[in-house]
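Asks: Each chain is listed here by its residues.
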Amino acid sequence: MDWLEQAAKLNSEWMAVQRKMVESYMSGGQPDAGQTGAFGTPPQNSATDAFSQYSEFGKKMSQQYAQFMTPVKQKSLEDYIGEANQAFQENYRVAWDKSRSMWSQFGGELPSEADATLDSMMGPQAWWNKLYDSSQFGGAKMGDMPSFAGLTNYDKKVVTAVDEWQTLQKEIANYAYVVMSAWLEAHTKFQAELEAVMKSEEGTKGWREVVDYWQKTADKALMEMHRSEDFLKAQKALIEASAAYRMAEQTVADETNKVLHIPTRSEIDDLHHKVYELSKELRNVKKDMRAMKEELDSLKKAPPKRAPAKRASTRRASSATKDSK
Amino acid sequence: MAETLEVAKTAMSAYKECADYIAKIENAQRKLASIRNEDVEIATTPKTQVHQVDKAVLYRYDREDDKPSIAPIVVIYGLIGRQTMIDLQENRSLVKNLLSNGADVFEINWGNPTRGDRWLKIDDYVDGYIDEFVDFVRAQTGHETVNIFGICEGGTFSTVYSALYPQKVKNLVVTITPIDFHADQLVDRIDHGFINVWVRNVGSQAIENLVDANGCMPGEFMSYVFQMMTPMRSLTKYNLDLVEIANDEKTLLNFLRMEKWIADRPDHPGEAAKQWFKDYYQDNKLIKGEIEIEGKPVKLENITMPVLNVFATHDHIIPPDCSKALGDYVGTDDYTAMEIGAGHVGLFVSGKSQKVVAPGIFQWLAERD
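Chains as they are written, first to last, in the working numbering: chain A, 1 to 325; chain B, 1 to 369.
Keep in mind the hints are simulated off the structure, nothing from the lab.
You can trust all of the hints, since none of them are fake.
Capping the alpha-carbon separation at 30 angstroms, the derived lysine-lysine pairs in DSS-like fashion look like this:
no. : chain 1 : residue 1 : chain 2 : residue 2
1   : B       : K250      : B       : K24
2   : B       : K168      : A       : K301
3   : B       : K237      : A       : K189
4   : B       : K168      : A       : K286
5   : A       : K287      : B       : K47
6   : B       : K260      : A       : K220
7   : A       : K286      : B       : K299
8   : B       : K55       : A       : K286
9   : A       : K189      : B       : K16
10  : B       : K9        : A       : K199
11  : A       : K205      : B       : K9
12  : B       : K170      : A       : K301
13  : B       : K296      : A       : K286
14  : B       : K24       : A       : K216
15  : B       : K296      : A       : K287
16  : B       : K296      : A       : K280
17  : A       : K199      : B       : K16
18  : B       : K352      : A       : K220
19  : B       : K170      : B       : K296
20  : A       : K280      : B       : K168
21  : A       : K236      : A       : K189
22  : B       : K288      : A       : K236
Quick list of simulated restraints, FRET-style, between CB atoms:
no. : chain 1 : residue 1 : chain 2 : residue 2 : range
23  : A       : Y213      : B       : Y238      : 18 to 24 angstroms
24  : B       : Y15       : A       : E195      : 21 to 27 angstroms
25  : A       : D230      : B       : K288      : 28 to 34 angstroms
26  : B       : R233      : A       : K199      : 28 to 34 angstroms
27  : A       : D288      : B       : Q140      : 18 to 24 angstroms
28  : B       : A19       : A       : E195      : 25 to 31 angstroms
29  : A       : K236      : B       : H314      : 25 to 31 angstroms
30  : A       : K199      : B       : N91       : 46 to 52 angstroms
31  : B       : A139      : A       : L278      : 23 to 29 angstroms
32  : A       : T204      : B       : Y238      : 22 to 28 angstroms
33  : B       : E294      : A       : K274      : 15 to 21 angstroms
Backbone N, C-alpha and C fix where the C-beta goes; we use that ideal spot for every residue, glycine too.
The shape of chain A in the complex, shown without the other chains:
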């Protein structure tokens, strides 16, 4: 079987599955028993089940993702990397095995040497370990180490940036989890109420009405979530983590620029500050001059005053007398 034929077959199967899903959705009927898809068992019954399945799938995914990203601070970096390494390898291994079996389907069995070579080039074991092997990643501990005068500070800055990046990823995952929960809540509410409407005599007046209702339901759920304690906590943590990472990143960039004889961000910021202060001083001088000119103009416009010098001095004298009493 050549690869074109293989691709055509895959395409045709995919189309058949899509058609079946649409038919099942439209009629509210049952799909073939035992039919499974890439993400497990497909919807068993109509739109309601489709939402339910989707909700469950989404929930699992977000929980797993959050779990996967969360333990940065609770566990050691090595444990974290080890777990991530293992999870990645397991997932990658499945994909790798599938691709190899497909290869053998249309390309025939590979000679063992080629197989081994491919494995060493593409197999996850070959490069993932080298890239993120915890022993080679020992530098990560430098972030917590005391500074040594004889060692370069650059590595420590890089490691701090990596640490902040990981914290940021964790906070992104936490944030996504909170947001995802609100979406799921909206789905659940929507599917229950939609089911009730569909069972009622009135039914729905068309897809737009259903969409409008979905928008209203989701809007309310999302706005409530945006005020919830979980969201506010996640949002704050995300903003803090994002700022911390940006600053750590700038520290590394500044250090690199210094080595390459390029002005650093901090130096330019200082320069801007100087320019700002000078401009401000100039503005203030101009402002004072404007005020003086205005005063002068008003004096010029004002009718000349008589200056009864004697009376004024008498008043001053009398007031002084009054004060002294």
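With chain A fixed as given, assemble chain B onto it according to the hints.
Replies: Same frame as chain A, but now just chain B:
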């Protein structure tokens, strides 16, 4: 058999709806493909640059005659967004409305602050740029005092300015302006006051860090914040709303003009952003009398000129109660509140408000000229 027929009917009806919608999408694609960016014009009312300080530019709207009916109006917008909102299109232009009544309108454009402007403070805007522009207008027009017209954050700047320099302000008009930044808590509404809630929640250190890390408050960040306030509308405005309105060229162009205005969101200078979010939003210092500009205390009771406060009932960005509060703190006896049944932007651009807002403001000013 009857059941099968019913299912088939439903399926056919669903397919028809689907086909109709696809036809609408195709139509929208065709319409959009025929429109160029230059077709979507905003801020077209002719004006002339009359003064510039750093990046801040003062414009004067062109007039056919040189005898304005009232004292000059200086429009002051905030640093979040762009002042072009008041001249979005010819038949929905606050500026055009004011000009047609005979007003002499000046307008400040803050330009595009970059990281180089990160040190600018609200002090610089109020005591520096605004004061210089006001002096310029006074000198240019020969008026001792001018009408100050503030919008949103610019309304707060205008309020602060009027408290510092009451002798230069004839009348103060503020629109959709926050004064009591904690008043969002007075009513239990889930759909408004998100900026107030979120800014209070993150604390002052996060604001410091966010600005220090970016050198400013990025315009994109504020856009994202605004999108989050109306989550589903943000998600469906292109794939549903735009498709629905594409048939009507006039409505489509209105939509695209609004998009053009929203997309033009400059960065907010860093130090000014820190002050705005910490001193004003978090600590609510304005109504406490704790704001200082260049060391001078800002006392709202010094606002003794007539004040017109225009706010929107459905404003989800500046809750009406945050604006209404102004009346409790100013020192004038001539205070007018004008509530408009619109949203934050709708107050300026909705068809309905064209007949109310600009004519109402002009009449109020004319009565006090």
